[in-house]
Amino acid sequence: MPSSPRETENDLPPVSADELLARFIFQSNHIRGDHSVKQNAFIPYPKPNLSVTRHLGLAETEVWEIGREMAESRPATLHGRADVHASTITTQSLKIVPTATPRNHANITGWPPDKPSQKIIAQEIAAAAQFISLP
Amino acid sequence: MILEMTASALLSLCAVPTCASSETAQYLAAQFGEGRRHLRKSYYLGLGMSRASEELLGLSQECSGDNWDGYGAARITEQTYLQACAFLDALPLGTPAPSVGAEPDGHLTLEWHQSARRTLSVSVSPEGDLHYAALLGPSKAYGTEAFLGEVPQTILDLIHRVAPESRRTGALIAA
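Heads up: the protein sequence lines correspond to chains A and B, in order.
Position one of the first sequence corresponds to residue 1 (my numbering), numbered consecutively onward.
Position one of the second sequence corresponds to residue 136 (my numbering), numbered consecutively onward.
Just so you know, the hints here were simulated from the structure itself, not pulled from any lab data.
Treat each hint with caution, since some may be false.
Claimed, not checked - Using 25 Å as the maximum straight-line C-alpha spacing, the simulated SDA-like pairs for lysine to any residue come out as follows:
1. A:Lys-47 / B:Leu-271
2. A:Lys-47 / B:Thr-212
3. B:Lys-275 / A:Ala-76
4. B:Lys-275 / A:His-35
5. A:Lys-47 / B:Ser-260
6. B:Lys-275 / A:Gln-92
7. A:Lys-47 / B:Tyr-216
8. A:Lys-47 / B:Gly-241
9. A:Lys-47 / B:Pro-261
10. A:Lys-95 / A:Pro-116
11. B:Lys-275 / A:Thr-88
12. B:Lys-275 / A:His-85
13. B:Lys-275 / B:Ala-251
14. A:Lys-47 / B:Asn-202
15. A:Lys-47 / B:Arg-210
16. B:Lys-275 / A:Ser-93
17. A:Lys-95 / B:Ala-251
18. B:Lys-275 / A:Ile-31
19. A:Lys-95 / B:Lys-275
20. A:Lys-47 / B:Thr-279
21. A:Lys-47 / B:Gly-263
22. A:Lys-47 / B:Ala-160
23. A:Lys-47 / A:Ala-76
24. A:Lys-47 / B:Gly-183
Quick caveat, the model's predicted, so the values are computed rather than measured.
Extracted from the complex, chain B is given alone in its bound form (with noise of 0.2 Å):
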């Protein structure tokens, strides 16, 4: 049996849970996730997530130790790095990359920002929870998501809307 794996396969929007359970199924998820691991490379369809990865990895070891924002911060834990890493991987290709940020609380931020009434700002929690604000103008969003493996909805939602050039750029990527 031969299994092709098409570009616009590899290419698609979304990102496939692994929840395969046969062994053909599991092959198909590796090698879905090793297309994606490649393409993640070029500049232009990872849009910059390697230097996002390799920013989360140095703000990580940055604020491994308490106080490190001078007024009591909790330290990032390992298991909240692996949480963003594992989102920031879930994101489709295409998406802009992220600019990444530490909070007090101990939690890792993936911040979309165009202006100071459009941007983006996502929480990830040790527990894999994604708290989300968003300024839209006049309008605001914000709330919290569980983090299953797969980016919510309405957090693609609002990254379109903050950067909708992303959503071209999906679309071209699908075509």
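Chain A extracted, bound-state conformation (with noise of 0.2 Å):
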């Protein structure tokens, strides 16, 4: 029986402007109670990168099947998700860089190494992130 092509990074499709971005969240703390999203969650670490799912291509439900999935690997309890533009990233000259796996993975990399810095772009993608509760 042929085994089925491996798909690598190549073959990914690239990022669009419009594609929207998920940080799942795993800490209550880094929401607050009007359901914004602190900067906390968007801080890279311990990789000097952060990881999101992409939504291409994935209904709703297999958005929150990913989360469950990564909840339970972890284990940690899923709160919800941080959806951002993949525009809103590249407008802080930050990159997104799409992985094989997990499915439908990705890396925001490109982060200035001090903290600060760090700081105040992780306050720009919160600002413009929208939470959505685990339904």
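Both chains are given apart, each in its own frame, so use the hints to dock them into the complex.
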């Protein structure tokens, strides 16, 4: 039986400006009482990049499915997700690098090394993000 | 010798660093600190600082193990908690209470937030570095200040810009 071809980074569709990216929230303190997202949720650590899930080609239920899988694997409690448009990221001179695994995953790279610069960028992203509670 | 501490002195807007050396000076510093702690218990003057202190303790305990955010976060150490408490305690009376938070690198945050583009976040590191970032309408401010027992003027100014009522409350208390 022939094996199905594996998708490589080069095969992945490029990220368009209007594409939505989800950052799953596993810490309740990263959400304010008014359901806005704190900058804390977008600080890159321990790697110098930020892990997000592309909405591309996924139904709403499939996006949540990925979040639940992530929560189970950690383990952690999934509280919701913060959605941002790709243009919000690239406006901050960051790059969005899709990866073959896990499904629809991408890394936000190009962060400055110093903490204050990371914080101000995280604030700009948080200001534009929309929090969606876990249904 | 009778030492009198007036309400206006107690309600002074700035914390007094405890670098006193003489017995009298040390006594005054201790009385001053006690007076501040007493006034902090008043919700109006403390503006919720007691609640913020309690939240800081609860959050530090909640995030005392690694990977508390599900992405590999570093734990909040006792040293970071103590630095954040000292910073909170050093805020001038009349300052609105911040909301507290934790960052994945193990820093604690104190946030003054009015809206998406009128917000200030101060990260407290275990070494006592204060990394701040503020969005103020179309402008922004960010940088690092050392915490040496007093709240840096740069950060106080940003608090006043995000929450202008704090300046008025401070002026009323001073009067």
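Output the indices of the hints that this structure fails to meet, ascending.
Result: hints 1, 3, 22 and 24 break, sorted rising.
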